[in-house]
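Peer 1: In this text, residue positions in the sequence shown follow this note's numbering: the first is 22, and each later residue adds one.
Heads up, a few of these hints could be off.
Unchecked claim - Here are the simulated BS3-like cross-link-like pairs (lysine-lysine), alpha carbons at most 30 Å apart as the crow flies:
(1) 276 x 246
(2) 209 x 103
(3) 209 x 254
(4) 209 x 276
(5) 103 x 254
(6) 103 x 161
(7) 37 x 94
(8) 37 x 161
(9) 96 x 209
(10) 81 x 37
(11) 81 x 276
As the list claims (entries may be wrong) - Distance windows between CB atoms, simulated:
(12) 182 x 114: 38 to 44 Å
(13) 194 x 102: 48 to 54 Å
(14) 180 x 237: 39 to 45 Å
(15) 295 x 183: 24 to 30 Å
(16) 104 x 209: 46 to 52 Å
It is worth saying that the hints were derived from the structure and are not from the lab.
From a predicted model like this one, the values you see are computed outputs, not experimental measurements.
Backbone N, C-alpha and C define an ideal beta-carbon position, used for all residues, glycine too.
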Amino acid sequence: MIHPGGGRNDIPERLKRQFCCFNCTLPSDNSIDHIFSTIGLGHYCPERGFPAEVTEAVRKMVPVIRRVWQQTKVKMLPTPAKFHYIFNLRDLSRIWQGIIYGISEVFQSEGLVMKVCKHEMTRVIADRFVNFDDLGWFEKNFNRTLVDMLDESAVENVTDEVYFVDFMRDAPEITGEEAEDADLSAPKIYEPIFDLEVLRARLVMYRDQRNENVRGAPLDIVFFKDAMLHLVKISRVIRTPRGHCLLVGVGGSGKRSVTKLASYIADYDTFNIVLTRSACFPSLSPSSSSSSSSETM
């Protein structure tokens with residue numbers, strides 16, 4: 022609970038008396054590194070098919086990610102214009118949650134590990150920034166931390182702008198000989214996209230499929246660069262357990278259309294909240310008649 026002051030009102034005593042207060046201090050740097058190195062190295066291990074080069078790269082990136090996160094907490098403080106600039110240990114957990122989506126089929130080099138680390142840090146931290154000055158600070162600070170804690174050659178691995186997605190693979194062909202419990206959906210493999218034209222062709226295919234299979238108003242989306250990158254970011258949030266995001270923009274800019282397409286790519290259903298006088302908590306729940314196990318609200 023944030024301390025009152027700065028426009029924040031105190032909570033009434035009659036309400037606070039119903040609660041117990043626990044003060045949990047932040048773990049030390051060594052403890053944080055131990056926690057997340059256990060998570061990272063437990064996934065990127067030789068037993069899962071990862072080479073020693075990848076395992077060592079993950080070990081090196083653990084303190085780098087922690088230091089950039091700490092520097093961001095100190096530098097990017099909340100203000101009335103940037104009230105959402107609040108960074109805590111949960112953000113560090115989300116970064117590693119995205120990093121461990123990698124599989125040995127894709128991640129076979131040190132450079133790719135550094136790319137996915139920067140990608141996840143950018144998605145969790147830098148995507149909250151509201152101006153180019155803050156984005157530029159994050160980029161320079163990340164590169165400077167790499168040089169200080171590793172070496173200058175490490176910066177070369179993260180120079181290119183690379184995005185990671187999980188919808189580039191096709192579903193297996195149906196032969197009629199599959200078992201009853203066989204999974205015939207497209208494999209969700211987290212892999213980098215180096216060519217935006219390849220990404221554009223994939224998104225056009227999904228858009229056309231969605232317009233053919235889903236009743237209602239068709240999606241007429243033009244996939245210029247910013248539209249594709251926003252869709253990639255939304256798709257990443259949707260695929261994350263308990264993922265949520267706030268889309269800010271003028272009306273008619275395509276926020277809802279891009280979200281609907283990202284939900285279709287993830288094989289999710291979508292539903293909208295209808296505000297009425299009789300609205301209640303059950304109306305916020307997904308419909309029981311949904312054919313999909315997951316839904317986007």
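Peer 1: So, for every hint listed, does it hold in this structure?
Peer 2: Here is how each hint holds up against the structure:
1. 276 x 246: holds (15 Å)
2. 209 x 103: violated (35 Å)
3. 209 x 254: Roughly 15 Å between the alpha carbons, so the hint for residue 209 and residue 254 holds.
4. 209 x 276: holds (24 Å)
5. 103 x 254: holds (21 Å)
6. 103 x 161: holds (20 Å)
7. 37 x 94: With Cα atoms ~28 Å apart, residue 37 and residue 94 stay inside 30 Å; holds.
8. 37 x 161: violated (44 Å)
9. 96 x 209: violated (36 Å)
10. 81 x 37: Not satisfied, since the Cα-Cα distance of roughly 44 Å exceeds 30 Å.
11. 81 x 276: With a Cα-Cα distance of about 38 Å, the restraint between residue 81 and residue 276 is violated, given a limit of 30 Å.
12. 182 x 114: 38 to 44 Å: violated (25 Å)
13. 194 x 102: 48 to 54 Å: For residue 102 against residue 194, whose Cβ atoms are near 53 Å apart, the range 48 to 54 Å holds.
14. 180 x 237: 39 to 45 Å: holds (43 Å)
15. 295 x 183: 24 to 30 Å: Between residue 295 and residue 183, where Cβ atoms are some 40 Å apart, the hint is violated.
16. 104 x 209: 46 to 52 Å: violated (34 Å)
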